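Undergrad: On the provided structure of chain F, position chain X as indicated by the hints.
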Amino acid sequence: MEENNGHRTVKVEFFGPFREFGSGMDLVVEGDLTFEQLLDRLVQELGEAFRGRALKRNTTYILNNKVIRRKGLSELRISPGDRMAFALVLGGG
Amino acid sequence: MKGYTGKYLRVNLGNGEIKSEILGEDVARSFLGGYGLVAHTLYNEVPDGADPLSPQNVLCLWTGPVAGTPVPVSSKYIMGARSPATGFIGFGISSGGIGSELKAAGWDGLILTGRSEKPAYVFIQNGQVEIRDASHLWGKTTWQTEELIREELCDDEIRVSSIGPAGELTTCLANITNDRNRQVGRSGMGAIMGSKNLKAIAIRGTGNVEVAHLDELMEYCRDLYQRCRGPATEKYRVLGTSANVLVHNRLGCLPVNNFQKGTFDQAEAVSGETMLATMVKKIVACPSCPIACDHINEVKDGPWKGTVASVDYESLELLGPNCGVADLNAITKAVELCDTLGIDTISAGATVSWAMEAYETGLLTKEDCDGLDLRFGNAEAMVEAVRRMCLREGNLGALIADGAARAAEKLGQDSYKFAMVNKKLEWGAYSLRSLQTATLGFATSVRGACYLRSGSYQVDIKGKVDRYHLDKTRGKVVSDGENLYAIIDSMIICKFTRGIYKTNDEIAKVIRLVTGWDMDAEEMIRTGERIHNMAKLFNLRFGASRKDDYPPPRAFEEKMYDDVSDGAIINRAEYDEALSGYYQARRWNEEGIPTKTFLEELGLDPGLGV
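Taken in order, these protein sequences are the chains called F and X. If you read the first sequence in this note's numbering, its first letter stands for residue 3, the second for the next number, and so on. If you read the second sequence in this note's numbering, its first letter stands for residue 34, the second for the next number, and so on.
Source of the hints: derived by calculation from the structure; they are not laboratory data. This one's a predicted model, so the numbers in the text were calculated from it and none came from an experiment. Check each hint, because a few of them may be wrong.
Straight-line distance between alpha carbons at most 25 Å, and here's what the computed DSS-like set of lysine-lysine pairs gives [stated by the list, open to error]:
id	chain 1	residue 1	chain 2	residue 2
1	F	Lys58	X	Lys497
2	X	Lys495	X	Lys443
3	X	Lys399	X	Lys450
4	X	Lys497	F	Lys68
5	X	Lys495	F	Lys13
6	X	Lys509	X	Lys495
7	X	Lys315	X	Lys333
8	X	Lys580	X	Lys505
9	X	Lys338	X	Lys314
10	F	Lys73	X	Lys497
11	X	Lys629	X	Lys497
12	X	Lys592	X	Lys495
13	X	Lys52	X	Lys40
14	X	Lys509	F	Lys68
15	X	Lys509	F	Lys73
16	X	Lys399	X	Lys443
17	X	Lys528	X	Lys509
18	F	Lys58	F	Lys73
19	X	Lys629	X	Lys505
20	F	Lys68	X	Lys505
21	X	Lys505	X	Lys592
22	X	Lys542	X	Lys528
23	X	Lys450	F	Lys68
24	X	Lys509	X	Lys629
25	X	Lys497	X	Lys528
26	F	Lys58	X	Lys495
27	X	Lys535	X	Lys495
28	X	Lys535	X	Lys497
29	F	Lys73	X	Lys40
30	X	Lys495	X	Lys505
31	X	Lys495	F	Lys68
32	X	Lys315	X	Lys528
33	X	Lys450	F	Lys58
34	X	Lys505	X	Lys542
35	X	Lys535	F	Lys58
36	X	Lys443	X	Lys314
37	X	Lys509	X	Lys443
38	X	Lys495	F	Lys73
39	X	Lys450	X	Lys580
Looking at chain X on its own, in the form it has when it is part of the complex:
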C-alpha cells in the first residue's frame, strides 16, 4: 500500500503491552487517514458510556497518506478521543514535524489505551517502542518537556508532543504542544493524556515513505509549491492570519467584549499590521511548507519583557478584543502561558471574557476573583486569569479551568446565556449574529463550536450571501464544506493551501499520485461524506440530538450594538429552517439522525440509523 506504512502501534499504558497492527487497505481507502481514522477508531473502540477521563477512553494519533511525502504542508497529525469538554468526538490537528517523523519511523498511527500507574512517556524510534518513566517531567511546561526529553535521549532531532500542568490537572481546555508553537487544540485532548498519566510522545524516524508515482508527484508538487508562493496564500505570508483583525472590524464581525459587539475602537492597536511593525521577531514555517505563516512575537519592554510566543488571529482576537484588551504585549504573554502551561487559546479567551462579563454584571465579585479587578479591558487581569485557569489556582482558577459552559453551570443565575459555546466548546473568533452562515456551521460542527469543520464563514465574509439572515440553502453550503474539509483533514494537508487547488479533482490527483488508487473527485467527496457521518454516529452513540446543534442564547435574544452591525440578531425561525435544510442536505431526519439506507450506501453501520 503506497503512501502508508500499512501498520500502526497499539500501546496499553495499563499493562505495558505494545503491539504492531495492520492498517488494512479497505479501511485506508474508506477513511483515508487523519480525521477519518480518528472517527473510525473511536466509533469502533470507545465503549458505550466510557467516561472521557477514565482508562476506558481511547486516545489515538493518526497521520495521513501524504505525511512524509513531498506534498506541500503535509507534515500534520491528529489526535482524537471522546472529549472531556463536549462528551462527543474530540480531536485536534497540529502541524510541525510529528506527522512526517512518525511515518519515517514506520507507523501510520498510534492507539493508546488504559492508564499508566505513574507518569510516563512513549518513545518511538523507528521499530523500537518503549514506555519510559516521566516522573521527573511531571509539572514541567511543554517547552521544558521537549528540551528535557531531547537531552535525556541525546538527540536534538527527536520530535515531542507533550502536555503542560493543565493537562496533568485534566482541565477540559488542555491541549497538546509540539515543536514549541504547534498545538493539538480544542476539545481537551491534553486532559486525556493527563488522565492516562501520559506526559509526552517522543518520536524519531529515519525511514522513507513510498509513493505510487514519484516522478509525476514531484512534477506536480513543483507546480503546487509555486502556487503556494502566489496570491492564494499572500495573506498568510505577509501578516499571517492576524490580517483578519482590521477587516473583520470593518465588517462588524470582530467579537468584542464576549461577543456583545462586532467592532473594537482600538482595533488598529491590536491589528496584524501593528503586530508586524512592532512585535514580530521572526516568521517561521513548518516542514515542507513554502508559505511560512507562523508569526513569532517578542515583547520588547514592560512587565512581560522577553516573552516570546506565536500569535495567530484566533488567539489574538479572543484574548484581545473579545476581552476588551488592546495590549499586544499582554496578549503575547497570555498566549505564551497557554502554550507552555498547556491550554487552548480560543477556549481560554472565550472563557475569560465570560468571566469578565459575569464580573461586570455583578454575578462575580472581586472576592470571587481572589482580588482581581476583572473588567473588560484590564490587560493585567486577563493575563493573571489565564495563568490561574491553567493551574486551577484559587477560586477563579477553579471556577473557569474547565471552560465557560462548566463555569456557568457552577455560577448559575442565567450566566449560561452569555457562555459562548456550542456542545460546551467555546466559540471561535467569528461574530455570531453578523456572520450567520458561519454560526450554522459552528453549531452543527461535530466537535462543538468550530470554524475549521466547514469554513462556512467564507460565504458570509466574501459577500456571497446575506450574512445577517439565514435560509434553507445555507445547509448545503455547510455540508459541502464539511465533506471537503473532512478530506483535507484526513489526507492531512494544511487548510491554508486549499486555495492553491483549482478544483476538487486537483486534490484527488494528489491522492491518486501518492496512493496509486484511481480515486476521482466524486469518490473523494463521497469519502468525506462517509467520514463526517462516522463522526456523527459517534456523537449519536453518546446522546447527540437536534438540541445540540444550536448557538448560545445570545444569538437569538440580544441585538448587537456597534456602528456597523447594530441591531443584528438571529431570527429563531430562520435558524430552525436553515438547520432543517442542513439535515436535508446531509440526508438526516429532523432530529439529525441518518437513515439506515443512507448509512448502508456509505458502507457504515446502519445500527444507529432510523
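Looking at chain F on its own, in the form it has when it is part of the complex:
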C-alpha cells in the first residue's frame, strides 16, 4: 500500500533550463526548511551541479504564488505542503 506523504511534502518544480534536472520532485520533510536546507536536500538528490545552477544570478525562486527576491532567501521558511519553483529571471514577451 502506498504511503500518503502529501501532508509532509514540499513540491519542487523545475522550469526552463532547470529541466535538465527533470520536471521536479516531491521532497518528504519533517518540518520547516530554510532555503539552504532545501538546497542541500536537492543537491543530495541531483548532484552539486544543481547548486551552481540554482545560485546563478538569473534564477527566479517562486514559493507558492510569490516570487522571492534574492535578498529574502536567507529568511525564507519552506513548510510541508508548500510548492517551490526554480526558473529563469522573468522578462517580457
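TA: Positioned in the frame of chain F, the structure of chain X alone reads:
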C-alpha cells in the same frame, strides 16, 4: 551628422511625386529616431480630423541612429500612422533586415502620403526610387509577396515589407510582415498600407553608415556582444519568450478563457519547454543579433502537418490558453495564418477569445458563427475563426475582423464588458487583476493596451510590489519605464538587450559613440520624456482624455477564479489614485493634459497644454 544619413524620402502615392528631404540635426537630437520621429512626423503632418483610412493619413517608416552600425540587435524599424484601430497614434516596431538595409540605401526614413490609384509597391535601391505596379501581387500572402518581388527584381538580397489580404481589406488588426517571421504588429499599420493601395516596400542598399567614434564603438560592442551571450538573455536563447507560460501559470497571471482565470490546467502541454522538445525546427536570429530568440515551429503530423511558423509567448498564449486551447499544432497553424494573411496575433487571439465567451454565454449562436462550435478549447474552431477573421469571411469573419471592441459594438448586449481592450486595442498576455502595475501601464499606453511601452509588469512579476493592489507610487514606475522605453524604441535597439546595459549611461554611451553628441543619461531620459509627450499630444489632438486610460470593466467588476489568484480584482478607488499618481509623475493635470509650462520646458508646442 554621424549615425544618420541625414535625409529621408517623401513619396506621394497619389501623384507619384518622390522627393529627398533633409533630416535636420536639431530634430534628430530632439527626437533621436524611430518612435520619436514617428511622433514628431505624425503630430506635424496628420491633418486634424483625418480619417485613418483616408489618403490624408500619413504613413511613415523610420530607422534610428544605430541601424546599420555594429551595435547589437539594432537592425530595427518602425512604421507609424494615425491608427484605424484606436484613432490615436499607431505604430509597430519590427526586427529583421529592413532597418539596416534602408540606412545602407542612404535613407533614415520614408514618409508616404496620398493613395495610389491601383495596387503599387515602392522599390528603393540606394538612390533610385520608383513606384511599381503591384496588381499581380494583390491577393497574395506576405510570404508569396516577398518571394515574387525578389524574383521579379532578380535579387535575393532585397528586403521586403508587405501586407497580406487582411491589409488589403483594411481590417483594423492588419499588420506588416518582413523577413517572413517579423511583423510591424499592433494598431493596424497594415490597414493603412491597404488603404493607400500599397502592397509592399522593397529595399536594397549597399552603402555604409558612418559613426562618430568607430574604434571605441567596436571595442564597446565586443563587450556588449559578450554580455548578449550571458545570463541576462539566457531565457530568450534557450526557450524564447514562451518560457513565460509555466512561470506565469505558477504565479496565477496567465490569461485563460478570455482573461477570466490566471491558471491553465493544461499549461505543460503548451509550455515553452514542451514546444522546444517537440515542435521547434530551428532557432534563428535577426541581423547583428547574438541572442537568437526566434523559435520556428514545424507541425509534424495531423491536419496541419507541414505548417511552419515562428511562435513567441504572446502569440502562443493568446491563441492558446486564452482561447482554452492546449494544442501546439493548432496554435502554430493559427500563427502561420496570421503571419501570411497579415493580422496581429495578439489582437487575433484576444478577439477570438471574446467571440468564444460570447458563444458560451449564448450571445452568439452557432448560426452566427456559420456553423462553428466556438467553445473555449475547440482548437479546430479557433484556427478556422482566425482564417475567417483574416479574410472577413462569412458572418463571423465580418463580425470580428476589426477586433474585439468593434465586434462588441456590433453585437451589443453588454458584450463590451468582456472585450479585453484599452483604446480599442486588445490586451497582451498579462493578467489584468493579478498584475496590477502592468494593468496601469497597459491602460495608460499611448497606442492602446501594450506591454511594450513601459514594461511595468516587471515590478509585479519580480515581486517588487504587491501585485494584487495599486497605490499612487506605481505611476512613477510606469512613467520612468515609458521614458526609458521611448529611448530604446527611438534608437532603435531590441528590448531583449535591455538587461545587458547596467546603467542608463551605458545606453547613452552608445548614442555618444555613434552620433558624437555629448548626450549624457539625463539628457537621454529627458529626450524620452519629450518623445512620450509628443505622442501624447498627438492623442490629445484626436480627443484623448482620462476616460481612455482605464482597463476594461472586467478588471473592476469580476473576481478571478483559479487556485492561485482566486478572488483577485482591481479596486476602482486604488486605480483612480494610481492613475492620478501617474499623471502627477508625468506633470499632467487630472485629465491627463500637460501644462503649457512643462511643454515649453520640453521644447514642444504648448498650444495643447493647459
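Undergrad: Holds or violated: lysine 495(X) with lysine 505(X), Cα cutoff 25 Å?
TA: Since the Cα atoms of lysine 495(X) and lysine 505(X) sit roughly 19 Å apart, the hinted pair holds (cutoff 25 Å).
Undergrad: Given the hinted pair lysine 450(X) and lysine 58(F), is their Cα-Cα distance within 25 Å?
TA: This hinted pair is violated, its Cα atoms lying about 44 Å apart.
Undergrad: Against the 25 Å threshold, does the CA-CA distance of lysine 58(F) and lysine 495(X) hold or violate the hint?
TA: Between lysine 58(F) and lysine 495(X) the Cα gap is close to 16 Å, so the pair holds against 25 Å.
Undergrad: Does the alpha-carbon distance linking lysine 629(X) and lysine 505(X) stay inside the 25 Å limit?
TA: This hinted pair holds, its Cα atoms lying about 24 Å apart.
Undergrad: Hint check: lysine 68(F) vs lysine 505(X), CA-CA at most 25 Å. Holds or violated?
TA: Distance of about 22 Å is within 25 Å: holds.
Undergrad: Is the hinted pair lysine 629(X) and lysine 497(X) satisfied, with a Cα-Cα distance of at most 25 Å?
TA: 35 Å, violated
Undergrad: Hinted pair, alpha-carbon criterion (25 Å max): lysine 399(X), lysine 443(X). Please report holds or violated.
TA: 17 Å, holds
Undergrad: Under the criterion that the straight-line Cα-Cα distance not exceed 25 Å, is the pair lysine 535(X), lysine 497(X) satisfied?
TA: Holds - the C-alpha atoms of lysine 497(X) and lysine 535(X) are around 19 Å apart, at most 25 Å.
Undergrad: Can you confirm whether the C-alpha distance between lysine 450(X) and lysine 580(X) stays at or below 25 Å?
TA: Satisfied, since the Cα-Cα distance of roughly 15 Å is no more than 25 Å.
Undergrad: Is the Cα-Cα distance between lysine 495(X) and lysine 73(F) 25 Å or less?
TA: Holds: lysine 495(X) and lysine 73(F) sit about 12 Å apart, inside 25 Å.
Undergrad: Could you grab the alpha-carbon distance between lysine 505(X) and lysine 542(X) and see if it respects the 25 Å cut-off?
TA: The given pair, whose Cα atoms are some 33 Å apart, is violated under the 25 Å limit.
Undergrad: Sort out whether lysine 495(X) lies within 25 Å of lysine 509(X), counting only the CA atoms.
TA: Within the cut-off at roughly 17 Å; holds.
Of the numbered hints listed earlier, those contradicted by the structure are 2, 11, 23, 29, 33, 34, 36 and 37.
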